[in-house]
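Chains as they are written, first to last, in this note's numbering: chain A, 3 to 124; chain B, 511 to 618.
Do not rely on the hints blindly, as some may be mistaken.
Said to hold, decoys possible - Distance condition first, Cα-Cα at most 20 Å in a straight line; then the derived EDC-like pairs of lysine to aspartate or glutamate:
1. B:Lys548 - A:Asp78
2. B:Lys548 - A:Glu48
3. B:Lys618 - B:Glu579
Stated by the list, open to error - Cβ-Cβ distance ranges computed for the label pairs, FRET-style:
4. A:Gly17 - B:Asn601: 26 to 34 Å
5. B:Gly566 - A:Pro16: 38 to 46 Å
6. B:Ser574 - A:Gly10: 34 to 42 Å
Calculated directly from the structure, the hints in this document are not laboratory data. We put the CB at the ideal spot given by N, CA and C, even for glycine.
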Amino acid sequence: EVQLVESGGGLVQPGRSLRLSCTASGFTFGHFGMSWFRQPPGKGLEWVGLIRSWSYGGAAEYAASVKGRFTISRDDSKNIAYLQMNSLKTVDTAVYYCAKEGASGVLWTDYWGQGTLVTVSS
Amino acid sequence: IVMTQSPATLSVSPGDRVTLSCRASQSIGGTLAWYQLKPGQPPRLLIYNTSSRATGLPARFSGSGSGTEFTLTISSLESEDFAVYYCQHYNTWPALYTFGQGTKLEIK
Numbered sequence: 003e004v005q006l007v008e009s010g011g012g013l014v015q016p017g018r019s020l021r022l023s024c025t026a027s028g029f030t031f032g033h034f035g036m037s038w039f040r041q042p043p044g045k046g047l048e049w050v051g052l053i054r055s056w057s058y059g060g061a062a063e064y065a066a067s068v069k070g071r072f073t074i075s076r077d078d079s080k081n082i083a084y085l086q087m088n089s090l091k092t093v094d095t096a097v098y099y100c101a102k103e104g105a106s107g108v109l110w111t112d113y114w115g116q117g118t119l120v121t122v123s124s
Numbered sequence: 511i512v513m514t515q516s517p518a519t520l521s522v523s524p525g526d527r528v529t530l531s532c533r534a535s536q537s538i539g540g541t542l543a544w545y546q547l548k549p550g551q552p553p554r555l556l557i558y559n560t561s562s563r564a565t566g567l568p569a570r571f572s573g574s575g576s577g578t579e580f581t582l583t584i585s586s587l588e589s590e591d592f593a594v595y596y597c598q599h600y601n602t603w604p605a606l607y608t609f610g611q612g613t614k615l616e617i618k
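For reference, chain B alone in the conformation it holds in the complex:
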């Protein structure tokens, strides 16, 4: 399974509503997570099982989708949200994780 994220880079401003896309090459049900990665920090889980929010995640982050099309939405971008975002498919048996190539949010 290949995970494809778009766009590769998104130039946005604080306060913008942002939608990141992730497409699977075949149906993966709801086994999708989103991570945020900032330089010098470990990846941070945002969303799992397509739409379940990680503990402590601000309400401005939400996930949706099913099958092959998934989105991560940030309702109103804040300065600390500029980062790279990865989607990840996970398969339990056999174990397999597949990441998208990432979408970088940069300041316009």
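Next up, chain A with everything else stripped away, as it sits in the complex:
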């Protein structure tokens, strides 16, 4: 059974940093790209970024709203994807989800974690 579990969320002050983790099980983690999405309170879904599998270069790509502040990485030996968030702003307050590619190299996502809440407030 595919499982994705996000952790690391919480309350953080503007300008500070936070690192989220996405721990995966039930599939060959290294074969799939992993994405991060978020949903601000009362709003819709927004893409944050993704990291491709090493078969597709292993590069990370980002939404314009977080580029330069957020960094995605992966540790295939631990089956974990990370989202490092720096210079956080109040508008970054959201539930953050990680999601798995539906098939290697394609961008539709078939499994999502339960999400972790990040609140940026002074």
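We have chain A; now place chain B onto it with these hints.
Chain B alone, transformed into the frame defined by chain A:
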């Protein structure tokens, strides 16, 4: 690319046939997915590549369209289908996902 869903809210009854619309501001080929979102739950993939059904998806859900106009149809609404539905365009190179603003199905 901007994805526009209509209507924002739809009041329907169990057993109804429901059609949700999603329009792209320019042609996106078939790179469209649909997700269902319920409070306290992660998004659930329903449809990918416009019309391919996710594993285990009940047959009452179907997707269609091409270019800029897409639809998600629920042939006979069941109580567990009341939720918010999002369409999503995905572009592979460079990576980019764009969501519609969602359509909420509420009980009439």
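So, going through the hints one by one against the coordinates:
1. B:Lys548 - A:Asp78: Violated: Lys548 of chain B and Asp78 of chain A sit about 31 Å apart, past 20 Å.
2. B:Lys548 - A:Glu48: OK: Lys548 of chain B and Glu48 of chain A at ~16 Å, within 20 Å.
3. B:Lys618 - B:Glu579: Distance of about 27 Å is beyond 20 Å: violated.
4. A:Gly17 - B:Asn601: 26 to 34 Å: Between Gly17 of chain A and Asn601 of chain B, where Cβ atoms are some 32 Å apart, the hint holds.
5. B:Gly566 - A:Pro16: 38 to 46 Å: holds (42 Å)
6. B:Ser574 - A:Gly10: 34 to 42 Å: holds (40 Å)
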